[in-house]
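Those sequence lines, one after another, are chains D and E.
The numbering of the first sequence is our numbering, which starts it at 4 and goes up by one.
The numbering of the second sequence is our numbering, which starts it at 46 and goes up by one.
Hints were generated in silico from the structure; no laboratory data involved.
Among the hints, erroneous ones may be present.
Claimed, not checked - Chain D is nowhere near these chain E residues, computed Cβ spacing over 12 Å in every case: (1) 105; (2) 107; (3) 108; (4) 122; (5) 217; (6) 249; (7) 286; (8) 291.
To be verified - Derived coverage of chain E by chain D (criterion: at least 3 residues anywhere in the stretch with Cβ under 8 Å from a Cβ of chain D; other residues may be distant): (9) 72-84; (10) 139-145; (11) 164-174.
Keep in mind that this is a model prediction, so the values were computed, not measured.
The beta carbon of each residue, even a glycine, is placed where N, CA and C say it ideally should be.
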Amino acid sequence: MASDTHAAQAVSSCVDSHGSAVGMPQLCGDWIGNQVFWLVITLVVIFLVLSRIALPRIASVLAERQGTITNDIAAAEDLKRKAEEAEAAYEKALADARAEAQNIAQATRDEIKAELDVALEKADAEIAAKAAESEKAIADIRASALENVETVAKDTAEAIVAALGGKADGAKVAAAVAERMKG
Amino acid sequence: MASDTAAAEGSSLVFHPMDQFIVKPLFGDGAVGMFTITNVTLWLFLAVLAVIGLMVIGTSRRAVVPTRSQSIAELAYGFVYKMIEDVTGKDGLVFFPYIMTLFMFIVFANFLGLIPMSFTTTSHFAVTVILAFAVFITVTVVGFVKNGAGFLGLFWVSSAPAALRPILAVIELISYFVRPVSHSIRLAGNVMAGHAVIKVFAGFAAITLVSPISIVAITAMYGLEILVAFIQAYVFTILTCVYLKDALHPSH
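Extracted from the complex, chain D is given alone in its bound form:
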């Protein structure tokens, strides 16, 4: 008992001999000074650490991140604009190329047509010339053939007259043949 009492006196009036709390420890006046003293130190330390080191650091990190994000968004928009420009340029090139191809095709077609026309005309002219020549040749041949027939007829008539024993008069025979041949 004596030691119990001694222990209780040694610790505090708020703690009984078994080390249990008497009433609410929160209301024990003996400890308030100690708690307040250490609390004030704690708060001052936390305040200094936060206001001098932590908060400015976090603020700068956040600002930096915001800047980075803004820059990245601007860069992305720039790239997007460039991509759109490139696409437009590509489309334009494609359209140009298509038009060019069409032009070339048309020009080639026209050229070929012109050449063809010229060649046709030339061929037509040649054909006409050849035909005219042939006709002339045929006419000549026909004329010479008629002449030959006359000559042969005269000769034959003379020969027949001679064979029959007459005396062939060239001029009379020729006139007779010509008479006959006129039909």
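Once you've looked at the hints, dock chain E against the given chain D.
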């Protein structure tokens, strides 16, 4: 004394829910003086270490793409910053480091107190009363410095009928001076009650038949206490912001 001891030893049910709040010297068994290094000192120191660990060491890389600890620190920063901005407006941001100090201290003290066998510094009125009075004094001083006698307009409800105004002024005045009391008891009371209830359930765990229920109840209370630990820190901080708003913009 003797019968007391006998009763305690005779029964298997021993409830000492308040023993966890006893302030003890860390070294030796002497009395607790003002500068004695006690369990209070230890757990306050651990709270400081935790704050430094998260807010300084956690952010030491200053990464643009944050690490886990840095993003938690940034989350805490943004949380309190936005709270002040929303409640008091831009001019309240002067007090950001001060309110951040309160918030970080209470959050870490509450959560460190949830470690089994630990000492919960915020369960003591001595601690919360200091915090609340610091806020009360700050608010009052700022109110008078910023607005002069106009700060008294806080108590004069100009939107009420003229006959009611003096009565309302008395009520407003009383409520103004009760603020630090409710502000501090709300925090310490919530924390203390939860811890004491857990201890009571733990006392029941000695009875074999009840112990499963007791353990489930302790687990459930612990979950609730985790919520309370954060919510009370949040409530304390946002009330500080609300009081500051009164000081900065006293128009009723």
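Verification of the hints:
1. 105: With a cut-off of 12 Å, residue 105 of chain E comes too close to chain D, as the shortest Cβ separation is near 8 Å.
2. 107: violated (5 Å)
3. 108: The claim breaks: residue 108 of chain E does not keep its Cβ more than 12 Å from every Cβ of chain D (closest is about 7 Å).
4. 122: Not fine: 5 Å to the nearest Cβ puts residue 122 of chain E too close to chain D.
5. 217: holds (30 Å)
6. 249: holds (18 Å)
7. 286: Label holds. Min Cβ-Cβ 17 Å, cutoff 12 Å.
8. 291: holds (23 Å)
9. 72-84: holds (count 9)
10. 139-145: holds (count 4)
11. 164-174: Result for this restraint: holds, n = 6.
Violated hints, listed in ascending order, are 1, 2, 3 and 4; each of the other numbered hints is respected by the structure.
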